[in-house]
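We have chain A already, so just place chains B, C and D on it with the hints.
Protein chains in written order, with my numbering: chain A, 1 to 135; chain B, 1 to 135; chain C, 1 to 135; chain D, 1 to 135.
Just so you know, not all the hints are guaranteed correct.
One copy or two, it doesn't matter: identical chains are merged, so the pair holds either way.
As the list claims (entries may be wrong) - Listed next, the in silico SDA-like pairs over lysine to any residue satisfying Cα-Cα at most 25 angstroms (straight line): (1) 40 x 30; (2) 116 x 36; (3) 120 x 14; (4) 62 x 35; (5) 128 x 27; (6) 77 x 63; (7) 77 x 127; (8) 77 x 67; (9) 77 x 58; (10) 62 x 72; (11) 40 x 29; (12) 128 x 114; (13) 116 x 130; (14) 62 x 114; (15) 62 x 77; (16) 120 x 132; (17) 42 x 97; (18) 42 x 98; (19) 42 x 61; (20) 77 x 54; (21) 42 x 32; (22) 116 x 21; (23) 115 x 125; (24) 120 x 107; (25) 115 x 126; (26) 77 x 61; (27) 40 x 98; (28) 116 x 29; (29) 115 x 54; (30) 77 x 60.
If you're looking for bench data, these hints aren't it; they were derived computationally from the structure.
All values derive from a computational prediction rather than experimental measurement.
The chain contents come next:
There are 4 protein chains.
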Amino acid sequence: MKKPPAKRSGARRQPPTTLAEFVAAVGRFRDDRDWAQFHKPKDLAAAIAIEAAELQERFLWKTDAEVDRDLADAARKAGVAEEIADVVMFAMLLSDRLGIDLAEAIAAKLAANAKKYPVKLARGSARKYTELGGG
Amino acid sequence: MKKPPAKRSGARRQPPTTLAEFVAAVGRFRDDRDWAQFHKPKDLAAAIAIEAAELQERFLWKTDAEVDRDLADAARKAGVAEEIADVVMFAMLLSDRLGIDLAEAIAAKLAANAKKYPVKLARGSARKYTELGGG
Amino acid sequence: MKKPPAKRSGARRQPPTTLAEFVAAVGRFRDDRDWAQFHKPKDLAAAIAIEAAELQERFLWKTDAEVDRDLADAARKAGVAEEIADVVMFAMLLSDRLGIDLAEAIAAKLAANAKKYPVKLARGSARKYTELGGG
Amino acid sequence: MKKPPAKRSGARRQPPTTLAEFVAAVGRFRDDRDWAQFHKPKDLAAAIAIEAAELQERFLWKTDAEVDRDLADAARKAGVAEEIADVVMFAMLLSDRLGIDLAEAIAAKLAANAKKYPVKLARGSARKYTELGGG
Chain A
1 MKKPPAKRSG
11 ARRQPPTTLA
21 EFVAAVGRFR
31 DDRDWAQFHK
41 PKDLAAAIAI
51 EAAELQERFL
61 WKTDAEVDRD
71 LADAARKAGV
81 AEEIADVVMF
91 AMLLSDRLGI
101 DLAEAIAAKL
111 AANAKKYPVK
121 LARGSARKYT
131 ELGGG
Chain B
1 MKKPPAKRSG
11 ARRQPPTTLA
21 EFVAAVGRFR
31 DDRDWAQFHK
41 PKDLAAAIAI
51 EAAELQERFL
61 WKTDAEVDRD
71 LADAARKAGV
81 AEEIADVVMF
91 AMLLSDRLGI
101 DLAEAIAAKL
111 AANAKKYPVK
121 LARGSARKYT
131 ELGGG
Chain C
1 MKKPPAKRSG
11 ARRQPPTTLA
21 EFVAAVGRFR
31 DDRDWAQFHK
41 PKDLAAAIAI
51 EAAELQERFL
61 WKTDAEVDRD
71 LADAARKAGV
81 AEEIADVVMF
91 AMLLSDRLGI
101 DLAEAIAAKL
111 AANAKKYPVK
121 LARGSARKYT
131 ELGGG
Chain D
1 MKKPPAKRSG
11 ARRQPPTTLA
21 EFVAAVGRFR
31 DDRDWAQFHK
41 PKDLAAAIAI
51 EAAELQERFL
61 WKTDAEVDRD
71 LADAARKAGV
81 AEEIADVVMF
91 AMLLSDRLGI
101 DLAEAIAAKL
111 AANAKKYPVK
121 LARGSARKYT
131 ELGGG
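With the rest of the complex left out, here is chain A (with noise of 0.2 angstroms):
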């Protein structure tokens, strides 16, 4: 009888959905370039806010109006995708770096800020939840 064929990380599989399946994604193509060897925590974080600054930059000296009329050109707006994924895909790959368990993570901060921004005190505030002052 024949072996079947190893799982390759080529192989066709199933489109990503979870959030945890796009983590491992993400992870895929870090190893198949053996790349993790460059990933250090810190790098990882710079890299971060590198793409956090190009995403920044397609917005600069705009008012929010010609941002908008900006973002109804598809290219554009693809142009902007592709900055904000590549924000969380390093975010991914800095959670999968040090063990963490982004979708957990996510859940944690959400239950958190819903402590520190109850909807009675906060709704239509932008203020910060320390000049909240719920007492």
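Just chains B, C and D, lined up with the frame of chain A:
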């Protein structure tokens, strides 16, 4: 026949699993507080950059070895997890604000990167794709 | 008697030396191009962050030893010098826009830091002043 | 004859005026605390980015009009001035660490920008030099 209660934002629901469900959960958190009014694209992009900087600050002045040692401490690791979650949550809010499907954007960027960084040329190299010289 | 020609922005002048003269030179560059209209404080702050990220990108994925080796190369060092200059020039433009005397601001911050980080307590320590515990 | 006292770092001196004197003053502050050991280029670049983010945070979620109103308040303006000073001081420390003459770097960048953005083409336009199309 009794009408079923309207679905409320605060109602118990299944915890999010897919990337899209996380985006939706973060969007509900925003809407419960009526915060969409503050979420201009430029501000959300700035918020991502600010959270990325808070993440970097956790590692500042430390050697890679010191960073690893720090992260063996559960409380410090949880602090880093929070900053990563903040980055991703603001990226989700920006995607949502712009009508960008984040899962699609990441899948598209992974595919584009696979072309820019073919395994054969990129394996084990930290060079930027513009310097890979694949001819 | 012939009127002396009006001083023009492009006219030969002494190169700047004092910090205030540099701020003035950068401001003239802006005014010659009628760019003050784009220089809202939020955009200038974003521009500083973007230039800071371009600076970081020069060092990304490199060990400290590789960074030092790179900087022995004159062209690479000049590239880094440009990014640092960009950061400082946008900081000067923001100061100018806000009517902040940058020389005074730096002198004041140095004095404040001298109190926060007394030589006796801070010597040889990378801890933040909040953790110096000089109590 | 009595020997004059050795010049000490803490000794009274003229306040800095030239850009070079400011760089020297910031360097003395560092050396008095024996901090050069922590000042690797990557960390100094990250520190600049972190301070730039703290500056951005002062303006986050605010409209341009709200920012202007805020800055009419002396305490808030002083807070912004501190963040700008922090950015510039770390840029000075990085220049000093790399043996870059900051005054020269700024003068060179101004000259380069004057070529990239000729007054005739750039006047009143926020476009990047790559899009100025001066043929």
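Results for each hint:
In the homo-oligomer, the alpha carbons of residue 40 and residue 30 lie at most 25 angstroms apart inside one protomer (13 angstroms), although the nearest pairing across protomers, at 27 angstroms, exceeds that limit. Taking the shortest Cα distances, residue 116 and residue 36 sit within 25 angstroms of each other only across copies (18 angstroms), while inside one copy they are farther apart (36 angstroms). For the identical chains of this complex, residue 120 and residue 14 are inter-copy neighbours only, at 24 angstroms across copies versus 43 angstroms inside a copy, given an alpha-carbon limit of 25 angstroms. In this assembly of identical chains, the alpha carbons of residue 62 and residue 35 lie at most 25 angstroms apart only when taken from different copies (13 angstroms versus 37 angstroms within one copy).
In this assembly of identical chains, the alpha carbons of residue 128 and residue 27 lie at most 25 angstroms apart only when taken from different copies (18 angstroms versus 35 angstroms within one copy). In the homo-oligomer, the alpha carbons of residue 77 and residue 63 lie at most 25 angstroms apart both inside one protomer (16 angstroms) and across protomers (23 angstroms), since each shortest distance falls under that limit. Taking CA atoms no more than 25 angstroms apart as the test, residue 77 paired with residue 127 passes between copies only; the shortest distance there is 18 angstroms, against 30 angstroms inside one copy. For the identical chains of this complex, residue 77 and residue 67 are intra-copy neighbours only, at 10 angstroms inside a copy versus 28 angstroms across copies, given an alpha-carbon limit of 25 angstroms.
Proximity of residue 77 to residue 58 under the C-alpha cut-off of 25 angstroms is restricted to the intra-copy arrangement: shortest distance 10 angstroms within a copy versus 27 angstroms between copies. With identical chains, the CA atoms of residue 62 and residue 72 are at most 25 angstroms apart both within one copy (14 angstroms) and between copies (24 angstroms). In this assembly of identical chains, residue 40 and residue 29 lie within 25 angstroms of each other by CA distance solely inside one copy; the values are 16 angstroms within and 31 angstroms between copies. For the identical chains of this complex, residue 128 and residue 114 are intra-copy neighbours only, at 13 angstroms inside a copy versus 29 angstroms across copies, given an alpha-carbon limit of 25 angstroms.
Within a single copy, residue 116 and residue 130 get their C-alpha atoms as close as 9 angstroms, and across copies as close as 23 angstroms, so both meet the 25 angstroms cut-off. Only between protomers do residue 62 and residue 114 lie at most 25 angstroms apart by alpha-carbon distance; the minimum there is 22 angstroms, versus 33 angstroms within a single protomer. Taking the shortest Cα distances, residue 62 and residue 77 sit within 25 angstroms of each other both inside one copy (15 angstroms) and across copies (24 angstroms). In this assembly of identical chains, residue 120 and residue 132 lie within 25 angstroms of each other by CA distance solely inside one copy; the values are 10 angstroms within and 38 angstroms between copies.
Taking CA atoms no more than 25 angstroms apart as the test, residue 42 paired with residue 97 passes in both settings, with 11 angstroms inside one copy and 20 angstroms between copies. In the homo-oligomer, the alpha carbons of residue 42 and residue 98 lie at most 25 angstroms apart both inside one protomer (11 angstroms) and across protomers (21 angstroms), since each shortest distance falls under that limit. With identical chains, the CA atoms of residue 42 and residue 61 are at most 25 angstroms apart between copies only, with a shortest distance of 9 angstroms across copies and 30 angstroms within one. Within a single copy, residue 77 and residue 54 get their C-alpha atoms as close as 14 angstroms, and across copies as close as 23 angstroms, so both meet the 25 angstroms cut-off.
Only within a single protomer do residue 42 and residue 32 lie at most 25 angstroms apart by alpha-carbon distance; the minimum there is 22 angstroms, versus 28 angstroms between protomers. For the identical chains of this complex, residue 116 and residue 21 are inter-copy neighbours only, at 22 angstroms across copies versus 30 angstroms inside a copy, given an alpha-carbon limit of 25 angstroms. For the homomeric pair residue 115 and residue 125, the shortest alpha-carbon distance inside one copy (15 angstroms) is at most 25 angstroms, but the shortest distance between copies (36 angstroms) is not. Only within a single protomer do residue 120 and residue 107 lie at most 25 angstroms apart by alpha-carbon distance; the minimum there is 21 angstroms, versus 38 angstroms between protomers.
Proximity of residue 115 to residue 126 under the C-alpha cut-off of 25 angstroms is restricted to the intra-copy arrangement: shortest distance 16 angstroms within a copy versus 33 angstroms between copies. Taking the shortest alpha-carbon separations for residue 77 and residue 61, both the intra-copy value of 17 angstroms and the inter-copy value of 22 angstroms come in at or below 25 angstroms. In this assembly of identical chains, the alpha carbons of residue 40 and residue 98 lie at most 25 angstroms apart whether taken from the same copy (10 angstroms) or from different copies (23 angstroms). In this assembly of identical chains, residue 116 and residue 29 lie within 25 angstroms of each other by CA distance solely across copies; the values are 12 angstroms between and 37 angstroms within a copy.
Taking CA atoms no more than 25 angstroms apart as the test, residue 115 paired with residue 54 passes between copies only; the shortest distance there is 21 angstroms, against 33 angstroms inside one copy. Taking the shortest Cα distances, residue 77 and residue 60 sit within 25 angstroms of each other both inside one copy (15 angstroms) and across copies (23 angstroms).
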